[in-house]
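J.: Residues per chain are reported as follows:
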Amino acid sequence: MAVENPLGDAVITTKLDAFIGWARKWSMFPYPFVTACCGMEYMSASAARYDLDRFGAAWPRFTPRQADLLLVVGTINHKLSPVLKRVYDQMCDPRYVVAFGACTVSGGPYDNYAVVQGIDNIIPVDMYIPGCPPRPETVLDAVIKLQAKIQNSPQEM
Amino acid sequence: MDFNHDFVAVAIMLGLAALISGAMVIIKGLLGPRSTNPSKELPFECGVEAVGSPRRGMHVKYYAVAILFIIFDIEIIFLYPWAVHFRQLGLFGFWQMLIFLAVLVVGLFYSVRKGVFKWQ
Amino acid sequence: MENNTISIEINGESFSFPPGTNILKACNMSGFPVPHFCYHPCLSISGNCRMCMVELELNGRSKVDVACVNTVAEGLKVLTDTPAVLKARRASLEFLLLNHPLDCPFCDCAGECKLQDYYEQYGNPEYSRFSEEKVHKQKRQSIGHNLKLDAERCVLCTRCVRFFEEVVGKKELGVGHRGAHSEIHALAETGVDNDYTGNVVDICPVGALTDTTFRFQRRTWYLQSVPTICPGCARGCNIELQFDLEHEYKRAGKRAQRIKPRYNEQVNQWWICDSGRYGFGAIDDNRLQQASVSEEGQNRTVSSNEAVKAAAKLIRRFIDKKGTAALAVLASPDETNEGLTALRQLFREGLQLPQIDYRLAGEPQGVADQLLKHADLHPNSRGCANLQLEPKFESGSLATQIESGAISGLICFRHDLPALLTPQQLEQLELLVVFETHVVEWNRQPEVLLPLAVYAEQNGSFTSFDGITQQINRAFAPSGEAGTALELIHALAGELKIKGVPATLEKARVLMSSLSADFATVSGPVAGPSRQVSKEARGIQHV
Amino acid sequence: MFETIASIIKICFIVVCLLLPMAFLLMWAERKESAIMQDRIGANRASVFGIRAWGLISMMADAIKMFVKEDFSPPFANKRLFHFAPFLAMFAVLITFAVIPFGPEWTLLGHTVKLQIADLGVGFLYMFALAPLGIYAIALGAWASNNKYSALGGIRAVGQLISYEVVVGLSLIGLVMVFGTVQLDSIVVQQGDYWFNGWIPKWGVFLQPLGLLLFFPAGFAETKRVPFDLPEGESEIIGFNLEYSGLKFGLFMMSEFIEMVILGALLTTFFFGGWQVPWLFSDGFHFPWGWDFSLPHTAVVLLQVMSFLTKLVFFGWFLQIVRWTLPRFRYDQLIRLCWLYLLPLAVLNVVITGIVILVLQ
Amino acid sequence: MSEERYIPRNDLNIETMQINLGPSHPTTHGIIQMDLQVAGEDIIEADVIIGYLHRGFEKMCEAHNWNQAVIYTDRLNYVSPLINNVGYHLAVEKLMDIEVPSRGQYVRMVLSEIMRICDHQTALAAAAMELGGFTPFLYLMKGRELWWELLERVVGARVTTSFTRIGGMVADLPDWFAAAAEDILLETANINREVHTLLTRNRIFIDRTRGVGYISPEDAISYGFTGPMLRSCGIEYDVRVAAPYLAYNDIDFEIPILTNCDVYDRFYIRLLEIDQSCRIIKQGLAKLPQGPVNHLDKNISLPPKSEVYGSIEGLMAHFKLLMNDNGVRPEAGEVYHAIEAANGELGYYLVSTGELCPHKCRVRPTCMPFTQALPQMIKQGMIADVVPCFGSINMIGGELDR
Amino acid sequence: MAQYVNHDQKFGATEAIYYPGIAKGVALTIRHFVVNMWFHLMKALRIKARPGAITIQYPDQRRVLPAALRIRHRIKLNEDGRLRCTACMLCETACPDNCIYIVPMESPEEVPEEKMPAIFEIDLARCCFCGMCVEACPMDAIHMDTGIAEMASDSRENLVLDLESLLKPGPIVCTGPAFRGKEILELLPHLKDVRAMEHQTQPEGSIYRVGKTNR
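Chains as they are written, first to last, in this note's numbering: chain A, 1 to 157; chain B, 158 to 277; chain C, 278 to 820; chain D, 821 to 1181; chain E, 1182 to 1583; chain F, 1584 to 1798.
So that you can see chain A by itself, here it is in the shape it has in the complex (with noise of 0.2 Å):
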């Protein structure tokens, strides 16, 4: 339910809708759907070097009711893509996706028979994070801009 305002004059709900992006950019639950090398980086980048924690995106809900951030991190397959739209279906609203690496970019290295030539194919994504794997900087620049995604768009309420 997108935020209508019959007055024409806007400047409480984008205040409101502002307060709530603040809310929700700085409050990402996030889910990892770790599946392959890209693991190893979201490790590095949610440990103590890089502390995905700063920015309020690090405490992993294995649950997607409770979780608002899709990190799907690594290769999907064929075998996989169907629990990945699960995942993502299940998960509750305001939910972004952020595709991890190389493999959920575009397949990556793996241009074959088995691979999802990325998870776009699948389900909506917000965030692009290219590397192979990414360097735990890249996944912060991507959560930053990510987080001026989430201010800068309407807020659902």
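Don't read these hints as lab results, they were simulated from the structure.
Possibly wrong hints are sitting among the right ones.
[What the hints assert, rightly or not] With a Cα cut of at most 30 Å, we get these calculated BS3-like pairs of lysine-lysine:
1) E/Lys1463 <-> A/Lys79
2) C/Lys774 <-> C/Lys590
3) C/Lys302 <-> C/Lys340
4) B/Lys275 <-> F/Lys1593
5) A/Lys79 <-> E/Lys1560
6) E/Lys1560 <-> F/Lys1593
7) B/Lys275 <-> E/Lys1240
8) C/Lys354 <-> C/Lys416
9) C/Lys447 <-> C/Lys411
10) A/Lys85 <-> D/Lys1022
11) F/Lys1751 <-> A/Lys145
12) D/Lys1022 <-> F/Lys1751
13) A/Lys85 <-> E/Lys1240
14) B/Lys271 <-> E/Lys1560
15) F/Lys1593 <-> A/Lys149
16) C/Lys531 <-> E/Lys1560
17) A/Lys79 <-> E/Lys1240
[Claimed, not checked] Quick partial rundown of chain E residues pointing at chain F, CB under 7 Å, derived from the structure:
18) Glu1196
19) Ile1252
20) Thr1378
21) Ile1416
The structure presented is a predicted model; accordingly, all values stated were derived computationally and were not measured.
Virtual Cβ for every residue (Gly too), placed ideally from N, Cα, C.
Chain A is already provided as a structure; the job is to place chains B, C, D, E and F on it using the hints.
T.: Relative to the frame of chain A, chains B, C, D, E and F by itself:
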């Protein structure tokens, strides 16, 4: 000690707690976006479809623990008045309760030997 | 031992050769290849590259000398890979590379360069000792409409000079200046001008001479190659068709990349004319992709199967209505013998059509020359003739017959009808079924238009004007929905319920060979397309 | 009338100024403290007008986000129970604090105010009666979710919580025997006594060291935190609350943290002198080595309340340290630990306490 | 829920419940599905379903040339990619019958051991985290991060190293390497001590792991266990000793053996191996010979960049190796070569037809036998035992499913 | 030589009663907490000390990145400001992922190198950062040392680097300076401070020694 007053206070506490908790649950029910799809209406089971229902007989071991709890919790309630007046009851009270506890411990020992705490 | 052979020993094995054979050739023929730049079996010996060093031993005395200049002598012992020889070759290579620019990154020859090959085999394990400034010469000189000369890369083997002088017979290139500053240059202001210029690119062992049509198009190591026959004229020159099927996103539909001559002693030796060499564009350009059927003025695109069905229906109806005499078939001298055989089986044996021809008055003729070019611009006219694809009874040209109304139906394979017939004549036709490879401007839409594969897309054979039947090989799948003549005619025969039309190449071959002595042997490499440009193929083109 | 108003003020103070902020602070500590001991920084980027407040703002964002997260009610669940469970969880922990004294009697404008919401004569019983309501919340929520993981989590929770309920009860018997009362305020007041010429305060920890060692794990188990987080068991069964989203999940989480506050308060009250400050008497400090500071009544009261809060904060901190240090139990080990180690030891504690008291008498 | 299945399991008619752990489950840090029939907390039946990370390793290798295939070996066991690189290229070199200069062998050995440490640290960290010990996880991650940042300065990548080439390495170790490694070795030992303090003497941890996931030595052998898993069953087998490769023969180190065949020993043996790897690194760096790391044949390894930029000979050698039709082409034949990876015997079976690309590239995955034995291990236990069992086998999806 | 050594563990009473092991663990974490808290406090009080955590506070702090790093690509210009790349396609050939796309063209007459790329695109979405293109480049043109980790994007199209963005990677083209002694210790807070260094612009840093040029 004005018991009346204390219970009023407890009642207020209960009311306030109910108010806060209730308000949170109700306000939460009103806020937030909503959407649905067929997959969302299924229970989450690691991304695969669940087979069978969770609502069926639970393992008997859980119940054994529950039965033990009922026995022991009630006995403990007996212990409280005894403990409060322990100094007055003196040595005799001590022996009495020791026997009582011994019976309990024997019961516990029995249940141990019956394998209540063995899980395999 | 016969009188006219000389027996020598190469690396401990004895061989015998006719007198006058030079040692390099002898070694190559005996399976001990000797590296060389300037030697070419068709050209005179110049002996300037000093790469073909071998150790010669005669009467107990031995020396290291070039193999190309020396000829065989009785009792000669040749050693091709002794340390002394290898050292000499290494030294030669180092010398040749002294002033060679660092051009591999943008040299089109990289990947088929003899310098690279020989360096890999015989080169110095240590890198160059030369640390001075290299001699600079002019790069990117245009010395002919398709030739670019890079004087820096040149190793001065003078193969190109000798080629023009000795094979083409025109002295068009020369060597100027002295010593390290020597370079090739064109004698005429306008550069070289003859019909065989492309061959110097092939024989150039390095990247000094490059071909502007291929320049920077594709790296050589991307190319795959298939041996086939040039369809440019009735000569039947043997060629390698080189193509690239990977990197699709940057090919933009262009598959064939270039044509290289393939050695054939009988036909074309090492050479090919420029018109044949640069004719590969037709393989991919302007191709007819889909069949179409025209009904009551409505033109619609259909699948090939449907088009064949429609054609069969129309032909059957036409024959029922007008009889076989009114239906003419125009076979194509560009088609393979196998396709023509099928055609013959269907139309002559099956439908008993009298009016079958493969020529049409007014088609362009080429100019023959003394080397390779033939006046007949079709590769398989002789094949058509062998199959007697000629009208059974003479009754004037096709055009006049159409005008007279004697022929009112035409099945045409690959003839430029709009150019050769007037619009009125075309209008007069009641039935026009056309098998065509390319998009043609039709002023009268054929009832059925079927896409046909070109030579690069099918297996088969061509018969040259002098009766040599040579195999062509399929390089890649037909573009769009095109089919080979064999397939389409077989399908048509099926629809027309005519038996005896060969479905496969082998069946067609069996049938063919009973029809003409020319078809008894189909020569040419039987192997299918090789995955990469084979080293052997490259060896021949460089020789 | 005055008492009622005072009660309301006290309750508001407890709930608004103590319980919820403490729970909030504990959540913050959960992240920040763990971060510090793990050599990292923890949430620190979220800011309001440039104020980052060491990550506290991040907690605010969490809370707000949970409010505006989709409220998912699974169609396969039992709807009423599903929504009732988080309410009950929160309710059960909020009311427990009613009997815990957080300060001494305070004479204000002629009125004497007890810094305790309700000084019930049956303080213990009130607690043991109402605190286990939380078990129902978990059991109901887990069962209503109709999910296998949560069903397992629920049944584990029940098994675990009721077992440790027994030990909690039994481990405090010795304390009751020592102090002879079940009134919490009275227990705290009695801990103001001293031994050895006033050198050592008569705190529960000295009177009942074994009781503390038993009560601490048992109480900790009641909070369902690592190493006792079997109902949650994140890496095994994801948790009893896995079908809950947004604030409903948040309520379960918050109730856990409030339980930690309560555990801290109970530890303070029973074993660490409650609001008592060592050697602080109603008229000021009297140190055993002879120094005396007299303080006004209000200052003493404030000091004692501060002392209570400080102890609370310390236990909050300490519980977090333990939580972030240890691995998790297995269900059968947990049950065995309870029934085969803690329970007999608790009985033993009762016996020993009895013997010691009798001997001293 | 209409499709209720009642499966009577024993005389008590205990109903079992089917529970899926995975594919997307916190325990299964690689992607795997465990289909459990549980009665209460007990696991009655267990079925392990794999294949969720199949990505066509063998086919991809067959479509890339001998040197390019190394990037796919990185992604086999992505916890210790460099060992995979080394193993693959040792196999190729065996096929081509060439040997790397001795400095190259030492460098490969030292880097392999660093990777072994990283692998063990990751395995331990994951196992600890799944048991609820988040702090040891982070401490171990910190230790791994140290090595990674060191490697990054040499290799250029943190995880997917792709560092070896036929006949050598992409680069030599820089001269400061030994000094930097020295400090990290100290810190690694320190972290090891911390893990010991936090876990291995903690009754909770001991209870969770001791006797759990038992597999008898006989079963271990018949399943084909290797590496720490096998050595924790008391069986003395280590490829580094059984068939020494690289420079392991010149190094003095211990191979720890434990005999209880349970999760505790598998955890503990990895900690001990970290110490031994530290020893090997220390000795290897001390003994590091001078000389080239790469094979000097210009037809095998790339010329130095200075020659490529500066001389036509170097440029041509460079081109000859890199142009698709002129790269390295081992003689037709087949080879199997095994090395001791962090998880056990990692073998490559390669077939060459003399072409540009491997005709066949099969890997013997180290964790496949462990995963096969997983149902047997967890069938004896409870749901919670799945976690340490799974953590202890250190299953790596990339290698398992390939 | 290696030898097998048995290390079996025995547990005694200290393990049996839970508390000592737990206490040791708790003591360790408390020590970590107190030490780190002390340094946090020092920092809060503006007293110069090492940081209390090993964390890199990413957007504000950046690591000194090594020169050997393989990260976002760039294409170098040579000393005269001309494009180094001559579209030789070796990188494209060496690339295992086929993520490089080059269309060559003839360069203007005045440029010595005859060939140059008309289009040069690298699809970061495919790239596996193996560095084989850098290794393959015979012209020292392509490098992966920009130090730019900021590659994330919300569309796949933006992940394709064209020639322009390859030539101008942005203001922070960086590679760390060559290794100077114990820099690696930046990670070890117990030994040395975390160095928070802003990147410096170093457009021409190369890991390869460029030899004599006698072309």
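J.: Now tell me if each hint is right for this structure.
T.: Hints versus structure:
1. Proximity of E/Lys1463 to A/Lys79 is assessed by CA-CA distance (about 45 Å); at most 30 Å being required, the pair is judged violated.
2. Restraint check for C/Lys774 and C/Lys590: the C-alpha separation of about 11 Å stays at or below 30 Å, so the hint holds.
3. Pair hint C/Lys302 plus C/Lys340 holds up; C-alpha atoms about 19 Å apart against a cutoff of 30 Å.
4. A C-alpha spacing of about 24 Å is found between B/Lys275 and F/Lys1593, which places the hinted pair at or below 30 Å, so the restraint holds.
5. A C-alpha spacing of about 26 Å is found between A/Lys79 and E/Lys1560, which places the hinted pair at or below 30 Å, so the restraint holds.
6. Annotation: proposed proximity of E/Lys1560 to F/Lys1593 holds, straight-line Cα distance about 26 Å (limit 30 Å).
7. Restraint check for B/Lys275 and E/Lys1240: the C-alpha separation of about 50 Å exceeds 30 Å, so the hint is violated.
8. With a CA separation close to 43 Å, the supplied pair C/Lys354 and C/Lys416 exceeds the 30 Å bound.
9. Only pairs whose Cα atoms come within 30 Å are accepted, and C/Lys447 paired with C/Lys411 is rejected, the gap being roughly 33 Å.
10. Between A/Lys85 and D/Lys1022 the alpha-carbon distance is near 62 Å, which puts this suggested pair outside the 30 Å criterion.
11. For the given pair, F/Lys1751 sits about 21 Å from A/Lys145 by alpha-carbon distance, which is consistent with the 30 Å threshold.
12. Between D/Lys1022 and F/Lys1751, the direct Cα distance comes to roughly 75 Å. Violation of the 30 Å bound is thereby established for this hinted pair.
13. For the proposed pair A/Lys85 and E/Lys1240, the alpha carbon gap of about 27 Å is at most 30 Å, so the pair holds.
14. Taking the CA atoms of B/Lys271 and E/Lys1560, the gap is near 24 Å; set against the 30 Å cutoff, the hint holds.
15. Simply put, F/Lys1593 and A/Lys149 have alpha-carbon atoms about 56 Å apart, too far for the 30 Å limit, and the pair is violated.
16. Of the supplied pair hints, the one linking C/Lys531 and E/Lys1560 is violated, its CA atoms being roughly 61 Å apart against a limit of 30 Å.
17. A threshold of 30 Å between alpha carbons decides the hint, and for A/Lys79 with E/Lys1240 the separation of about 17 Å falls inside it, so the pair holds.
18. At a threshold of 7 Å, the smallest CB-CB gap from E/Glu1196 to chain F is about 35 Å, leaving the interface hint violated.
19. About 5 Å separates the beta-carbon of E/Ile1252 from the nearest beta-carbon of chain F, less than 7 Å, and the hint is met.
20. With a cut of 7 Å, the hint placing E/Thr1378 at the interface with chain F holds, because the nearest CB-to-CB distance is about 5 Å.
21. At a threshold of 7 Å, the smallest CB-CB gap from E/Ile1416 to chain F is about 9 Å, leaving the interface hint violated.
Hint compliance for this structure: hints 1, 7, 8, 9, 10, 12, 15, 16, 18, 21 are not met, and every other hint is.
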